[in-house]
Amino acid sequence: MKAWLPSLLRLLLVVLLVAFVTNPGWFEPLLKPLTENGAPAIYNQGSLLTLTLLHLRTVLIATVAATLVAVALAILVTRPAGAEFLPLSRSLVNIGQTFPPVAVLALAVPAVGFGEKPTLIALFLYGLLPIFENALTGLTTLPANVIEAARGAGMTGWQRLTKVELPLSAPIILGGIRLSVVISLATATIGSTVAAKTLGEVIIAGLLSNNLAFVLQGGLIVAALAVLIYDGLSAIERYTARRMGRETE
Amino acid sequence: MIEIEGITKRYEETTVVDDVSMVIEPRTLCVIVGTSGSGKTTLLRMINRLVEPTAGVIRLDGNDNRSLPGYELRRSIGYAIQGHGLFPHRTVAQNIATVPVLLGWDKARIKARVDELMTLYQLDPDAYGPRYPHELSGGQQQRVGVARALAAEPNVLLMDEPFGALDPIIRNKAQEDLLAIQKRFGTTIILVTHDMEEAVHMGDKIAVMDAGKLVQYAKPAEILAKPASAFVETLVGASEKPFRLLSLGRVRDAVEKGTAEGEAIPGDASQRDALAELLWSGRPALPVKGEDGKPLGRVTVDGLVKRAARPA
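Protein sequences appear in the order of chains A and B. Everything in the first sequence is counted per the working numbering, starting at 1164 for the first residue and increasing by one. Everything in the second sequence is counted per the working numbering, starting at 2 for the first residue and increasing by one.
BS3-like, lysine-lysine: derived pairs with alpha carbons at most 30 Å apart:
(1) Lys290/B to Lys307/B
(2) Lys1195/A to Lys1360/A
(3) Lys112/B to Lys1326/A
(4) Lys1280/A to Lys1360/A
(5) Lys108/B to Lys1326/A
(6) Lys184/B to Lys220/B
Simulated restraints, written as ranges between beta carbons of each label pair:
(7) Tyr12/B to Asn1257/A: 30 to 38 Å
(8) Thr36/B to Trp1321/A: 32 to 40 Å
(9) Asn1257/A to Gly38/B: 35 to 43 Å
(10) Val1177/A to Asp107/B: 44 to 52 Å
(11) Trp1321/A to Glu4/B: 26 to 34 Å
Only some residues are given here: those of chain B computed to face chain A with a beta carbon under 8 Å:
(12) Ile82
(13) Gly84
(14) Gly86
(15) Phe88
(16) Pro89
(17) Thr99
(18) Leu103
(19) Tyr133
No lab work stands behind these hints, which were simulated from the structure alone. The model shown is predicted, which means the values in this text are computed figures rather than measured ones. For every residue, glycine included, the Cβ atom is placed at its ideal position computed from N, Cα and C.
Model the full structure from these sequences, guided by the hints.
Following this line, the structure appears as structure tokens:
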């Protein structure tokens, strides 16, 4: 395959996505055949652009929070003083992952009410595991002689962490964040069942009114976002790994 | 001066280093040699307190090494390890600058020092400074590792099998470079190795360790001539002894009057190399030349063979 082809496809996808969320009317003829009984082909109960931005905001907040907590936890349990918390934190994070987001939503609504909050909680819990596991892998598989050299050079524990351990495990941690973001992008759609403003609203509206065009446009926007963000984060990961002479898989 | 007094390290039931006492004179190179598991690396790591001893004292120029926090102590002692341990995410220049940055030197001083060390190690600062360690060859990485250890002008340099990962040709060069640098900076070097050849070649004094104990601590010639135990004897290698003894001496010290035919050997070459050349070429004598290329005399097979005999 030509080297420029993937880049061209990505660019095309970006152009299509931006065009679709800003001017959905242009695409009406394409989606019209999917509707029945003269139903609208383009979502008409809110702006697609606003919903897309709110969707992204929800995912961003949840991922940033999950990253902070997961990385902090991984740092804590890889210090000598925190080593005994490793099994405990592992099971806590695993529970977060095994608990279905829908169940979290159902439990969170009575506690925090409808809207964005229960969605953030569900995404946060669901996103912890990949980041935590990757941060743990990154921090525990550092080359031993590099850490030895850092100690031998007279770095304090904090200096070793910030100057050597975190930068060296950054590509692996980024891999965890990438997985977490993609899962969250998809999972955020169910947040609209509890009145969070996400692209799920379009899909749910389509399901309720039996309008395939709505379902498709909601799904496609989420899919395009996921593909582009996944690609972007992979590129950053490859760049940081290559700078260290580490081979990426 | 480094004084090691009654140093012991125990891990639960196992005694790794057992009551070791020795004094390392300033501006000398001391080699600690032993098999794996002999406690040589642990002993080394107790000097900069990467490992805390169970009992005993280590004094550096009269000061107990516990009078400073460990990380401050380590900034004042150079440390180079096998496989260099360079930071893969930092450039060569940043790697060398590690300790000076920790010590808070100003930028100009750091740059001057990094450039000086890189030039000393035949690495062009402009070409190699901005590169990452994985872009260098094994020999270059090793040199950067030693340069990093020397960056903050330490009086003491600890080296743990620094040449272990190098091929023989590069290793010889690295050893020569280290000896030259030790002369230049007057650094006290303690080097751990399992290679007796390296120990005899590099050391002003050799400490032989076995099962946590210091078995013998003496000049190389004495270790070869009077091994303190059967273990030291084995480590030296009985059949290698005469050649190792010769490798300690320079050709200029074995020069006899007279002339000989053929290519001259420099006076700085080791007597072992001279004997090898004589045996290989089948000649009874070789001419010797000084640094200026003037003839100094000759070395003979008979003369060298006498020197290879066990000292009285």
